[in-house]
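**Q** For the record, the sequence lines run as chains A and B.
Each residue of the first sequence is one higher than the one before, starting from 1 at the first, in the working numbering.
Each residue of the second sequence is one higher than the one before, starting from 1001 at the first, in the working numbering.
No lab work stands behind these hints: they were computed from the structure.
Please note that a few of the clues may not be correct.
[Said to hold, decoys possible] Pairs of lysine to any residue residues, derived as SDA-like cross-links and limited to a Cα-Cα distance of at most 20 angstroms, are as follows: (1) B:1007 to A:98; (2) B:1003 to A:32; (3) B:1059 to A:76; (4) B:1007 to A:76; (5) B:1045 to A:96; (6) B:1150 to B:1079; (7) B:1007 to A:32; (8) B:1003 to A:78; (9) B:1007 to A:77; (10) B:1007 to A:79; (11) B:1003 to A:99; (12) B:1059 to A:96; (13) B:1045 to B:1019; (14) B:1003 to A:103; (15) A:32 to A:64.
[Unchecked claim] For the chain A half of the interface with chain B, some residues (derived, Cβ under 7 angstroms), not all of them: (16) 49; (17) 51; (18) 79; (19) 82; (20) 86; (21) 87; (22) 95; (23) 97; (24) 104; (25) 106.
Every residue gets a Cβ at the ideal spot worked out from N, C-alpha and C, and that includes glycine.
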Amino acid sequence: MTAAADPVTQPPDNPSNNNVGVELQDSEESRKVIEAIVADNPAATLSHRPGLVRVSVPGRLVVRRETVEGLLGRPWETHEFQMCIVTYYGHIGEWDEDEIVIAWDHSS
Amino acid sequence: MPKLSMKQRYSVLTRDLDWEPSYVDEEELFPHATFEGIKIHDWSKWEDPFRLTVDSYYKYQAEKDRRLYAVLDSFAQSQGHLSLSDASYLNAMKLFLQGVTPLEYQAHRHFAYLGRHLKGGGPRFAAICQSIDELRHAQTEIHTLSGYNKHYSGFHGFSRMHDRVWYLSVPKSFFDDAVSAGPFEFLTAISFSFEYLLTNLLFVPFMSGASFNGDLPTMTFGFSAQSDESRHMTLGLESIKFMLEQDEGNVPIVQDWIDKWFWRSYRVTALVASMMDYQLPRRVMSWKEAFELYFEQQMLEGLFPDLSYYGINPPRHVQQAVDEKDLLSHQVYWTLFSFGFAAGFTTSIPHDDHLEWLSANYPDTFDNLYRPQWEKARRIREGGGRFFFQGLPQLCQTCQIPMIFTEPGSPTVIAQRWSEHRGEKFNFCSDGCKWIFDREPEKYVQAWMPVHQIYQGNCGGPTVPEVLAWYGLEEGDGGEYEGSVDQRNWQHWHEAQLSEVASR
Chain A
1 MTAAADPVTQ
11 PPDNPSNNNV
21 GVELQDSEES
31 RKVIEAIVAD
41 NPAATLSHRP
51 GLVRVSVPGR
61 LVVRRETVEG
71 LLGRPWETHE
81 FQMCIVTYYG
91 HIGEWDEDEI
101 VIAWDHSS
Chain B
1001 MPKLSMKQRY
1011 SVLTRDLDWE
1021 PSYVDEEELF
1031 PHATFEGIKI
1041 HDWSKWEDPF
1051 RLTVDSYYKY
1061 QAEKDRRLYA
1071 VLDSFAQSQG
1081 HLSLSDASYL
1091 NAMKLFLQGV
1101 TPLEYQAHRH
1111 FAYLGRHLKG
1121 GGPRFAAICQ
1131 SIDELRHAQT
1141 EIHTLSGYNK
1151 HYSGFHGFSR
1161 MHDRVWYLSV
1171 PKSFFDDAVS
1181 AGPFEFLTAI
1191 SFSFEYLLTN
1201 LLFVPFMSGA
1211 SFNGDLPTMT
1221 FGFSAQSDES
1231 RHMTLGLESI
1241 KFMLEQDEGN
1251 VPIVQDWIDK
1261 WFWRSYRVTA
1271 LVASMMDYQL
1281 PRRVMSWKEA
1291 FELYFEQQML
1301 EGLFPDLSYY
1311 GINPPRHVQQ
1321 AVDEKDLLSH
1331 QVYWTLFSFG
1341 FAAGFTTSIP
1351 HDDHLEWLSA
1361 NYPDTFDNLY
1371 RPQWEKARRI
1381 REGGGRFFFQ
1391 GLPQLCQTCQ
1401 IPMIFTEPGS
1411 PTVIAQRWSE
1421 HRGEKFNFCS
1431 DGCKWIFDRE
1441 PEKYVQAWMP
1451 VHQIYQGNCG
1461 GPTVPEVLAW
1471 YGLEEGDGGE
1481 YEGSVDQRNW
1491 QHWHEAQLSE
1501 VASR
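So that you can see chain B by itself, here it is in the shape it has in the complex:
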C-alpha cells in the first residue's frame, strides 16, 4: 500500500470516520449546537493545522510521558529536592497544585463533553485529544508534585483546598463559569482567551521559574504539558476564526465573549503576577516584562491586527490591564501576605536584594507606593510581631478577588463599583467585572462567595481555627515562612549535609 500524505491520513482517520445520522435527526443528536446563536453553515470547513491522527497522537504522547518519568525517578533517587534554590520556592508550586491542577481535570471533563457535542468530525477529534491531554496534565502534575509532599507542607489535600479555600475560589469560579456556558462560549473562554491569549503568562513563567530554581521535575512536566498546549492554542485560534468565517452574525457574539473572557482570564493571572514577582527566590522576569512581551507585543500588536480583518476589536477594558501592570503583583502579594494565616502556602517580607530587584523592575511605583508597606511590616517583625489583617475582606462578586485594586490613575484609592439586582447590592473590583455581571446577573448572583459562606456558618464555624480546620489546613501549611516547619527542616537538612562533608 502506498504511504499516504499527512493530509490524506488526516482525512481518512478523522473526517472519514464521521457519519450522517440516519434514524435520529441532527437536532436530537446535537442538542446544544444552536442555542447560543452561533450559526455554522459548513462544518467541513474546520481546519486542523496539526493534522493530528490517533496513531501519531499516541506515539508522541507516550514518548513525552517516558521522558517525564525518567526525570522524576532520577530526581527522587538523587535527593534532588535539596538542590532547590530555597524551600520557599515551593510556595509557587503549592499555589500551582491547589489552583491550577484541578482546572486541568475540569478541562479534561469538559473537552470530553465537546468531543460529544460539537457537530463536526474535525473539531470533535481535536476536543477528544485535548480531553486526554488534560487528564494527562492533571495526573502528571499530581504525580510530579507528590514527590515534594513527602518532605514539605502544603501539598496534601490540594483538591479539598481547591473547593474550599478563599483565594482558590478565584480560579475555581472562573472555570465553573466557563463549563456552565454553551460549547461555543467555552471554546472562546478556555481555548481562545485562556489558552491562546494568556497561556504564556499563565504557564511559561512557572516553567522558567522552575528551571531557574532547580526544580527539574516541574520544569519537565511543564514543558511536556506545554507541547500539548501549543496544539490547544491552535484549537483556540481555529475555533475563533471558524466562527467568524462561518457567518457575519457570529461576529458581535464572539466579540462579546472575547470582551468577557479576556477580563475573566486576566483577573485569574493576578495570582501568577504575584508568584512571579514575589514567590520565586530567583526571579526570571518581572510580571511587567512578561506582560509587555507576551501580551502587549504578541497579542495586541500581533494577533488583534490580524483579527481586525473579521471586524474583531481588542478586548474591552484591555487598557486597564495595561495601566495596571506596574501595580498588580504588589497589590496581590500584599493581600496574600496579610491574609497568609489562612493560606495553603507561606509568605514573608522580601529580603533586601529582592526589594532592590523590585525597585529596579518597577521604578515608577515600587519605592513610593509599596516599599513603605514592607518597611512597616519589617518594623512590626523587629518588635516581635507579624502583620496579619484582622477581619474578612469584601470580595468582588465576579472575580472573587478581595476588593484590593485601585482606581485607574489613582493608585492609592481602592476602586469600588456596584450594581443593584432584585433589590440587592453587589460589589465589584473594576469596571470589567461590573460589566460582566451586568450582562448576566442571574448567573453571578449564584456565586459561592467564600467570605459570605463563612458568615452564613457554612465553613466549619465562626472562629478562624474552625474555618482553617474545615479548609483542611494543618500546622505549617500557611502563615509566615521565617521560622516555619519547612524553613526549619530546610536548614536542618543543609546543616546535616555540611557537617557530613566537614567530617570526611
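Extracted from the complex, chain A is given alone in its bound form:
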C-alpha cells in the first residue's frame, strides 16, 4: 500500500451561495479540459478527491471548444465533454458546438 494524498483537507468552494460546478475524472485528457476551464473562468477554484477533480465557479461556468482545442492540440467537439464529466451542479443553459454553459436560471 502506498501513502495517498489526504482527501479530506481540501480548500472549500468559494464562499458564494450561487456556485455552479462540475466534477471531472482525474485523467490525462480531462487535465487539459480543466486547464481550459480555469483559463476561461478566472474565479474557478479546484479541489481534488480520489479519482476526481472538482471545479467550482460563482454564478456561471463556461467550457469553450477553442480553448480546449488549443490546449489539446487537436480538434475536440463539445460532445466529448461527456467522456470526462462525472457530475455537475447548476443548470446546463447552453450546449452547442462552441461552448457549454452551466448557470442557475433564476438566482441572482
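With the hints as your guide, set chain B onto chain A.
**A** The following block gives chain B in isolation, referenced to the frame of chain A:
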C-alpha cells in the same frame, strides 16, 4: 451537403421524426398522459440541453464501453484483486450489487415505458437513451463485479437476494413505489429527486471510495456510468422546470411529489451513509461532510433558491435530514452489525484508528453516543462472543427500515409514529414516512414487509437457518468479518505472496 449545426441536427434527428397521429386520437395513443392532473399545453417547449442525437449517442457510448473493458481485462490479468486495501472493502460492493444494480435494471424497463408514453418527441428520445443507459449500467456492473465472485463470498445470487433479503427491501420497495406511479410522478421521483437531488450522495462516494481502496474496475464503471448520469440529472431538472412552466396548476402537484420523493430517496441513502463511514477501510469523506457539500450547499443553497422562482419550496421534512447528519450512519451501521447474521455481507467492530476517525468527524455525537456501543461489543468479543440481536425488528411501513431512528432533538429516544387505516395500525420511523403513508394509505398497506412475511410463514420456515436458506445465503456471506472465509483467504493469499518474495 453543408454540415448542420448541433441545434439543427438535434431538430432533424429527434423532433422531425415525430408525427401527428391520423387514424387514432391522441387520448388513445397516450392513455397515461393526463390522469395525474399535470397539464401540458405545448410539448415542443421541452428543452434538451445536451442536444443528443442517436449517432453521437452510439459513438460515445461505444467508446465508454471500450475503455471499461480494457480496464477489466488488465485488472483480471494482473491479479488486481490482491491490491485492494483489504478484503473487507468488498462489503461495500456487495451492498452495491445487491441493492443498486437491480434498480438500474428496473430503471431500464421503466424508461422504456416513458419512451413509449410521454407525449413529446424530445422527452421520448431522452427517455429511450436513458433506458439504454440503464441497461448498460446493469450489465457493466454485473460484469465488473463478477470478477470478484471468483474469489469472494456474497456476490453470487444478488438478484434473488434483492427480491428476498430484509435490508434490500428498502431500495426494492422504493423503486416499486416509483414504477407504480404515473409517468410524471416517476420523472419527479427518479429523474429529479433520486438522480438530481441525491445522485452525488448515492454514487460519487462509491466511486471515490473505490478509487481510494484500489478498486480500479468499480471506479471505472462508476465514472463510465456517472458520465451518463449527468445527462440523467439534466433530464430530471428539465422535466421539473417543464412541468412548472407549462401550467401554474402543476406547481402544487409537483411540490407534493418533491416532498414525498425527497424523503423516500433520502431514507434509501441511509445505507450509503453507513457504507461511507463504516465499510471503507480507507475513507474518503464522512457522510456528514458529503451531505453538507452535495446536499446543503449545492441543493439547499443553489437549486432551491433557483426553483423558488416557480413557487417551489425546499422539501417538507428537509430539516430533519439536516438535523440527523451526525446520527444517521451510526444508527444504520449498528443495525447492520446487530442483524449481520442475516446479511449478504460481513460486518465488524471498527479498529482503533477507525474509531478515532469517527470521533474526529463526529465530535458532537460519536464519543458520547456511539463509542460506548462499540466498546461493549468489544468486551463481548474479548469474552469469546459476538453481539447479535436476538429476534426480529419492527419495520417502518413506508421506508421498510427497522425502527431505529431517534426523536428529533433526543438522540437516545427511538421515534415511533403510527396511523390507523381500516381498523389496522401501521408504524413509521419518522414524521416524513407517516406523512407519505397518510397521503396514499391504500398504496402502502400493500407493502411486502420482510419481517411480517417471515411471521406469516412465507420465507422458508420459522427458524433462522431456514430463512437464510430461502434468502440464498451461504456460509461466509454474512456474519462477522474477523475469522470469515474472506478474511482467512485474504491472509492466506498475502502470506503466500510474501513467502514467495522471501524465497527469491
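**Q** Run every hint past the structure and note whether it holds.
**A** Evaluation of the provided hints:
Distance hint between residue 1007 of chain B and residue 98 of chain A is fulfilled; the C-alpha atoms sit about 12 angstroms from each other, no more than 20 angstroms. Restraint check: the Cα-Cα separation between residue 1003 of chain B and residue 32 of chain A comes to about 27 angstroms, which exceeds 20 angstroms; the hinted pair is violated. Note on residue 1059 of chain B and residue 76 of chain A: the hinted pairing holds, with a Cα-Cα distance of about 14 angstroms set against a maximum of 20 angstroms. Restraint check: the Cα-Cα separation between residue 1007 of chain B and residue 76 of chain A comes to about 18 angstroms, which is no more than 20 angstroms; the hinted pair holds.
A hinted pair counts as satisfied when its Cα atoms are at most 20 angstroms apart, and residue 1045 of chain B with residue 96 of chain A qualifies at roughly 18 angstroms. Between residue 1150 of chain B and residue 1079 of chain B, the direct Cα distance comes to roughly 12 angstroms. Compliance with the 20 angstroms bound is thereby established for this hinted pair. A distance of roughly 26 angstroms separates the Cα atoms of residue 1007 of chain B and residue 32 of chain A; the hinted pair therefore is violated under the 20 angstroms criterion. Restraint check: the Cα-Cα separation between residue 1003 of chain B and residue 78 of chain A comes to about 16 angstroms, which is no more than 20 angstroms; the hinted pair holds.
For the hint pairing residue 1007 of chain B with residue 77 of chain A, the CA-to-CA distance comes to about 14 angstroms; that is within 20 angstroms, so the pair holds. With a C-alpha separation of about 13 angstroms, the suggested pairing of residue 1007 of chain B with residue 79 of chain A holds against the 20 angstroms cut-off. For the proposed pair residue 1003 of chain B and residue 99 of chain A, the alpha carbon gap of about 18 angstroms is at most 20 angstroms, so the pair holds. Pair hint residue 1059 of chain B plus residue 96 of chain A holds up; C-alpha atoms about 17 angstroms apart against a cutoff of 20 angstroms.
Simply put, residue 1045 of chain B and residue 1019 of chain B have alpha-carbon atoms about 16 angstroms apart, close enough for the 20 angstroms limit, and the pair holds. At roughly 29 angstroms between alpha-carbon atoms, residue 1003 of chain B and residue 103 of chain A are farther apart than 20 angstroms, so this suggested pair is violated. For the hint linking residue 32 of chain A to residue 64 of chain A, the alpha-carbon distance of about 12 angstroms falls within 20 angstroms, and the restraint holds. Evaluation of the residue 49 of chain A hint against chain B yields a held restraint, the C-beta minimum of about 5 angstroms falling below 7 angstroms.
Here the hint on residue 51 of chain A is kept, as its CB sits about 3 angstroms from the closest CB of chain B, short of 7 angstroms. For the restraint placing residue 79 of chain A at the interface with chain B, the shortest Cβ-Cβ distance is roughly 5 angstroms, inside the 7 angstroms limit, so the hint holds. The restraint placing residue 82 of chain A at the interface with chain B holds, with a minimum CB-CB distance near 5 angstroms, inside the 7 angstroms limit. Interface hint at residue 86 of chain A: satisfied, since its Cβ lies 4 angstroms from the closest Cβ of chain B, which is below the 7 angstroms cut-off.
At a threshold of 7 angstroms, the smallest CB-CB gap from residue 87 of chain A to chain B is about 5 angstroms, leaving the interface hint in force. With its C-beta approaching chain B no nearer than about 5 angstroms, residue 95 of chain A sits inside the 7 angstroms limit, and its interface hint holds. For residue 97 of chain A, the interface hint holds, the least distance from its beta-carbon to any beta-carbon of chain B being 5 angstroms, beneath 7 angstroms. At its closest, the beta carbon of residue 104 of chain A sits 4 angstroms from a beta carbon of chain B; the interface hint therefore holds under the 7 angstroms criterion.
This hint holds: residue 106 of chain A has a C-beta 4 angstroms from the nearest C-beta of chain B, less than the 7 angstroms allowed.
Violated hints for the displayed structure, listed by number in ascending order: 2, 7 and 14.
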